[in-house]
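Protein chains: 2
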Amino acid sequence: MCQLLGLNANTPTDLVFSFTGFAHRAEEHKDGFGIAFFEGPGARLFVDAQSATQSPVAEMIRHYPIRSRHILAHIRKATQGRVALENTHPFMRELWGRYWVFAHNGNLVDFQPKLHAAFRPVGDTDSERAFCWLMQELAKNHASLPSVEHLTMTLAELVPTVARHGTFNFLLSHGEALWAHCSTHLHYIERSHPFAAAQLQDADMTVDFSAHTTPQDRVALVVTQPLTCNEDWQALRSGELAVFVDGHRAI
Amino acid sequence: MCQLLGLNANTPTDLVFSFTGFAHRAEEHKDGFGIAFFEGPGARLFVDAQSATQSPVAEMIRHYPIRSRHILAHIRKATQGRVALENTHPFMRELWGRYWVFAHNGNLVDFQPKLHAAFRPVGDTDSERAFCWLMQELAKNHASLPSVEHLTMTLAELVPTVARHGTFNFLLSHGEALWAHCSTHLHYIERSHPFAAAQLQDADMTVDFSAHTTPQDRVALVVTQPLTCNEDWQALRSGELAVFVDGHRAI
Numbered sequence: 001m002c003q004l005l006g007l008n009a010n011t012p013t014d015l016v017f018s019f020t021g022f023a024h025r026a027e028e029h030k031d032g033f034g035i036a037f038f039e040g041p042g043a044r045l046f047v048d049a050q051s052a053t054q055s056p057v058a059e060m061i062r063h064y065p066i067r068s069r070h071i072l073a074h075i076r077k078a079t080q081g082r083v084a085l086e087n088t089h090p091f092m093r094e095l096w097g098r099y100w101v102f103a104h105n106g107n108l109v110d111f112q113p114k115l116h117a118a119f120r121p122v123g124d125t126d127s128e129r130a131f132c133w134l135m136q137e138l139a140k141n142h143a144s145l146p147s148v149e150h151l152t153m154t155l156a157e158l159v160p161t162v163a164r165h166g167t168f169n170f171l172l173s174h175g176e177a178l179w180a181h182c183s184t185h186l187h188y189i190e191r192s193h194p195f196a197a198a199q200l201q202d203a204d205m206t207v208d209f210s211a212h213t214t215p216q217d218r219v220a221l222v223v224t225q226p227l228t229c230n231e232d233w234q235a236l237r238s239g240e241l242a243v244f245v246d247g248h249r250a251i
Numbered sequence: 252m253c254q255l256l257g258l259n260a261n262t263p264t265d266l267v268f269s270f271t272g273f274a275h276r277a278e279e280h281k282d283g284f285g286i287a288f289f290e291g292p293g294a295r296l297f298v299d300a301q302s303a304t305q306s307p308v309a310e311m312i313r314h315y316p317i318r319s320r321h322i323l324a325h326i327r328k329a330t331q332g333r334v335a336l337e338n339t340h341p342f343m344r345e346l347w348g349r350y351w352v353f354a355h356n357g358n359l360v361d362f363q364p365k366l367h368a369a370f371r372p373v374g375d376t377d378s379e380r381a382f383c384w385l386m387q388e389l390a391k392n393h394a395s396l397p398s399v400e401h402l403t404m405t406l407a408e409l410v411p412t413v414a415r416h417g418t419f420n421f422l423l424s425h426g427e428a429l430w431a432h433c434s435t436h437l438h439y440i441e442r443s444h445p446f447a448a449a450q451l452q453d454a455d456m457t458v459d460f461s462a463h464t465t466p467q468d469r470v471a472l473v474v475t476q477p478l479t480c481n482e483d484w485q486a487l488r489s490g491e492l493a494v495f496v497d498g499h500r501a502i
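Sequence lines, in order, name chains A and B.
If you read the first sequence in this note's numbering, its first letter stands for residue 1, the second for the next number, and so on.
If you read the second sequence in this note's numbering, its first letter stands for residue 252, the second for the next number, and so on.
It is possible that some hints are incorrect.
The calculated lysine to any residue pairs, modelled on SDA-like cross-linking and capped at a C-alpha distance of 25 Å, are [stated by the list, open to error]: (1) B:Lys391 to A:Arg98; (2) B:Lys391 to A:Lys30; (3) A:Lys140 to B:Tyr315; (4) A:Lys30 to B:Tyr315; (5) A:Lys114 to B:His367.
Partial selection, computed: residues in chain B whose CB lies under 7 Å from chain A [said to hold, decoys possible]: (6) Glu290; (7) Val298; (8) Pro307; (9) Met311; (10) Tyr315; (11) Gly332; (12) Ala335; (13) Leu336; (14) Glu337; (15) Gly348; (16) Tyr350; (17) Val360; (18) Pro364; (19) Lys365; (20) Arg371; (21) Ala428.
These are calculated hints, taken from the structure and not from any lab test.
The beta-carbon is built from N, C-alpha and C at its ideal position, and this holds for glycine as well.
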């Protein structure tokens, strides 16, 4: 099973601590990794078909504190689609003059939607097909960029069509909100003042967030399995679509 | 003026030598840099709004020999659009299930084309507008991916519409061919057996390609100004659209 990690914050935040724990999990998920950082409407997408434990790109990310309010990461264990760069999550497309980034964990069986001209998969994964279909249907439903609330309503209508084909845990962002849909495993935490120290589950590393934050900072993290062992992670229910804005859960 | 660098080869080739010389030019072009590598149909796009002389991303690329048959790089000196990630070249979009990557050098005046739903700029540069318009018009002209020859004929019809608005030196690739259009400055070289040693113009560095190649290898490089001082670079003429396939000029 692949692993997902998403960050949504009200102030640009680096992911060095969480990514370090997350990348440790790549020992079992060695078929590529990817991470996308929004900076304003711009986005950087780093993908590598190598494992995050060995990739020079992952090594750079562990040491280069890229600060962002919206980050999505994925480590891959291939189910459908061969191990290749074009099959590495997150995937990115442009819609309404915004970049959209998507990463999926799970396996969709017999999901072969009709895809018209505007969004076509480059690789051969069920995940990229699902993303292209979501983008196509969002574009059909709205002529220009809607509010996060309206986008959430449309997504809530669309997602079950995909989810009935299998496991559809996903993260989606357009640099303004982070959507998280849970079929099986997805956990989140909201960190805010007063910040405490957190201890990674996968590595011997502790960070005292109170030393790196201001009282106004708010950060939400969404991840397949909790990253820290001393914080109170919330599990999303099967079929739940959560939305994070400005570092806390909005819907 | 920005600087462009493109590579097209018949075998995966690393750009460490050429990028080292190219990145030296970033001292005067400090408003960001970007580089895209195709690996099969997959693509990796590294962009940074920092100068290529200082960026940790550029530092990684100077030391990590990513091998690719199609590479596009750009160092930016902003003319239109502020210094921001969303304005950093190359730009990438998907069309017909292929990624397309585009980088521009020059300045387009009063180019405000009608852009319909399918391709919209995320940033505010003339360059991204021109790219979106080219993608839109290509999509209008062909229902599915045409041959390189047909794409070239369509591009040759489209490009003058943009070029009459100003300087339109650009590089474009979809992972199968490299198009280079010249308004003012663009030079290319084709390297093939017998390979010789090349000496960078911008740094004290020489590479003997004969030690790193086989007799079958062919590599074409396209760049704003020649990178080496002991090779015979060809200047493209104003208005010329060149196409490189498998490491040599096809049209």
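Hint by hint, which ones does this structure get wrong, listed from lowest number up?
2, 3, 11, 17, 18, 19 and 21
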